[in-house]
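There are 2 protein chains.
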Amino acid sequence: MRFISKNRTITHFSANMEPITDVRLQETITVETHDCYGGQIDSETVLRPDINLETMNQATGPIYVNGVEKGDVLQIDIEEIELDPRGIMVTSKGLGVLGDHIEEPTTKILPVKEGRICFKEDFIFPVRPMIGVIGVAPASGSVHCASPGDHGGNLDTKDITIGSKLYFPVFQDGALFALGDLHASMGDGELDGTGVEIGGRTTLTVRAVKGGTLEAPVVETADSFMFLASAKTLDEAIRKGSKHVVGHLQQELSLEFQEAYRLLSMLCDVRISQIVNPLVTVRIVVPKELLPRLFKK
Amino acid sequence: MRFISKNRTITHFSANMEPITDVRLQETITVETHDCYGGQIDSETVLRPDINLETMNQATGPIYVNGVEKGDVLQIDIEEIELDPRGIMVTSKGLGVLGDHIEEPTTKILPVKEGRICFKEDFIFPVRPMIGVIGVAPASGSVHCASPGDHGGNLDTKDITIGSKLYFPVFQDGALFALGDLHASMGDGELDGTGVEIGGRTTLTVRAVKGGTLEAPVVETADSFMFLASAKTLDEAIRKGSKHVVGHLQQELSLEFQEAYRLLSMLCDVRISQIVNPLVTVRIVVPKELLPRLFKK
Numbered sequence: 441m442r443f444i445s446k447n448r449t450i451t452h453f454s455a456n457m458e459p460i461t462d463v464r465l466q467e468t469i470t471v472e473t474h475d476c477y478g479g480q481i482d483s484e485t486v487l488r489p490d491i492n493l494e495t496m497n498q499a500t501g502p503i504y505v506n507g508v509e510k511g512d513v514l515q516i517d518i519e520e521i522e523l524d525p526r527g528i529m530v531t532s533k534g535l536g537v538l539g540d541h542i543e544e545p546t547t548k549i550l551p552v553k554e555g556r557i558c559f560k561e562d563f564i565f566p567v568r569p570m571i572g573v574i575g576v577a578p579a580s581g582s583v584h585c586a587s588p589g590d591h592g593g594n595l596d597t598k599d600i601t602i603g604s605k606l607y608f609p610v611f612q613d614g615a616l617f618a619l620g621d622l623h624a625s626m627g628d629g630e631l632d633g634t635g636v637e638i639g640g641r642t643t644l645t646v647r648a649v650k651g652g653t654l655e656a657p658v659v660e661t662a663d664s665f666m667f668l669a670s671a672k673t674l675d676e677a678i679r680k681g682s683k684h685v686v687g688h689l690q691q692e693l694s695l696e697f698q699e700a701y702r703l704l705s706m707l708c709d710v711r712i713s714q715i716v717n718p719l720v721t722v723r724i725v726v727p728k729e730l731l732p733r734l735f736k737k
Numbered sequence: 441m442r443f444i445s446k447n448r449t450i451t452h453f454s455a456n457m458e459p460i461t462d463v464r465l466q467e468t469i470t471v472e473t474h475d476c477y478g479g480q481i482d483s484e485t486v487l488r489p490d491i492n493l494e495t496m497n498q499a500t501g502p503i504y505v506n507g508v509e510k511g512d513v514l515q516i517d518i519e520e521i522e523l524d525p526r527g528i529m530v531t532s533k534g535l536g537v538l539g540d541h542i543e544e545p546t547t548k549i550l551p552v553k554e555g556r557i558c559f560k561e562d563f564i565f566p567v568r569p570m571i572g573v574i575g576v577a578p579a580s581g582s583v584h585c586a587s588p589g590d591h592g593g594n595l596d597t598k599d600i601t602i603g604s605k606l607y608f609p610v611f612q613d614g615a616l617f618a619l620g621d622l623h624a625s626m627g628d629g630e631l632d633g634t635g636v637e638i639g640g641r642t643t644l645t646v647r648a649v650k651g652g653t654l655e656a657p658v659v660e661t662a663d664s665f666m667f668l669a670s671a672k673t674l675d676e677a678i679r680k681g682s683k684h685v686v687g688h689l690q691q692e693l694s695l696e697f698q699e700a701y702r703l704l705s706m707l708c709d710v711r712i713s714q715i716v717n718p719l720v721t722v723r724i725v726v727p728k729e730l731l732p733r734l735f736k737k
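Protein chains in written order, with the working numbering: chain F, 441 to 737; chain L, 441 to 737.
What the hints contain is simulated information worked out from the structure, not anything from laboratory work. None of the hints are false.
A pair holds if it fits inside one copy or across any two, identical chains being indistinguishable in the list.
Simulated pairs of lysine-lysine, DSBU-like, Cα-Cα distance not exceeding 35 Å:
#1 K728 x K672
#2 K605 x K728
#3 K446 x K605
#4 K728 x K548
#5 K560 x K728
#6 K605 x K560
#7 K683 x K736
#8 K548 x K560
#9 K683 x K548
#10 K672 x K533
#11 K683 x K672
#12 K560 x K650
#13 K533 x K728
#14 K560 x K736
#15 K553 x K683
#16 K736 x K553
#17 K736 x K548
#18 K560 x K683
It should be emphasised that the depicted structure is a prediction, and the values quoted were computed from it without experimental measurement.
With the rest of the complex left out, here is chain F (with noise of 0.2 Å):
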């Protein structure tokens, strides 16, 4: 199996980027990535302030996928996160919901080794590998990774994670994907602006579902569909998701407007991933009963 080391990376997933590989369909790989931090913070003493904000949750890539156009869908199965032995969580003034209580920033490293994140004697909690950057290039311009849309890019949603297929609007032919910004833990929201940041190694395996239709990312659990939207703020989010996923069921279940739009307030259910980042993201999440043939096109 193929490995595409984390010394490639880039700070924006951009319309006319260069890949550093290519793939082909069904391919699995293993990509390393940076902590979103790229590994500045080696120590409790280097605190947020320190670092350089420019280079924050690099992504390993840019990985051309062979057989992708414009218009597919890019279809990517997540096999496996191996994390790194040690997190990060910094907190610092103005971070997260409640960074108006903060005035000295501070830095905490927490051991990861078995499985399970070491927060302090008798805090032990099993590890949740996520993803937290992940995407493809963006239909025009440059978009920085530290900032999620409907390319992708940092989501911090925690169901992208081991058995999950992930699902992107393909907006230059090959994808160019790329991901990065991994976590052993995050709640839904990030509330303090950090989950435990860490570096790692994801396999994953790429496909592609032709002659779908696709607004932004979706993530496909056991159960359910989740529509992913970012926009500046939860009300725009949540109407944009909204609207994706009453147009899906429309389409798929041949329903007028207002009973798709029942169906949603009846059975689906609104989540936030993420309210730190520059835009915030939310995802709205389909029984996959009521969406069978989704991406089987």
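Starting from the known structure of chain F, arrange chain L on it as the hints suggest.
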């Protein structure tokens, strides 16, 4: 077991409201409730603009709990929810997150039978019963039953269901609780502005926690304590709930602010209950093992 009929209801939770009856601690009672429209919508020809909104979300009660005093915590264990044989879903211009797409209001009556909701032919879904409105007398003034707050009220939280335990701050002697507005099903967010609105009978047991401190309602499920927070915007509600949770984590685990803030971000989820009432409601979901002594004073 005592049965409290739906013939005496309130439209407001008020500090000085008069009880319709009283119960003793540990008593189990069944409370009958109207659907949120108070039975005004009895066919698909009755539309939302036709009805009187002043009595919307009326709640059966208030019920005085003997032995509960101001400053205690009222515990309500939800044992059973029996639903009437039909639910209602309306749409109307401006209602819900995509209400601007609606011109003509519609009403849909949904048969509910043997634990299933018939949405239409080939669209049959299991019921997920929940209580929309449940609360106690507020500290002062009067709050319409259509609005949520620290006293409870229109919380529209789907985890307020069979098997859950609810905890309310007690602002007045006897707590004076009331409930109504059942839903046969509703997704997080209540995105079109309604669940499957329905009447029914809730069986519950009342208890008291002495010496507890609580700012706003908490729902206990099998795995979690969910701290509810209602406010004008999602951002405010999330901030308010986060403060409550960090305070409880600090107190119970003897942690400094920044350590409790990290646990919040690493292990707790923010979830949206509803975004369609006069105040929105979120819940911060805390794994039970983080607060093993909560309500066990």
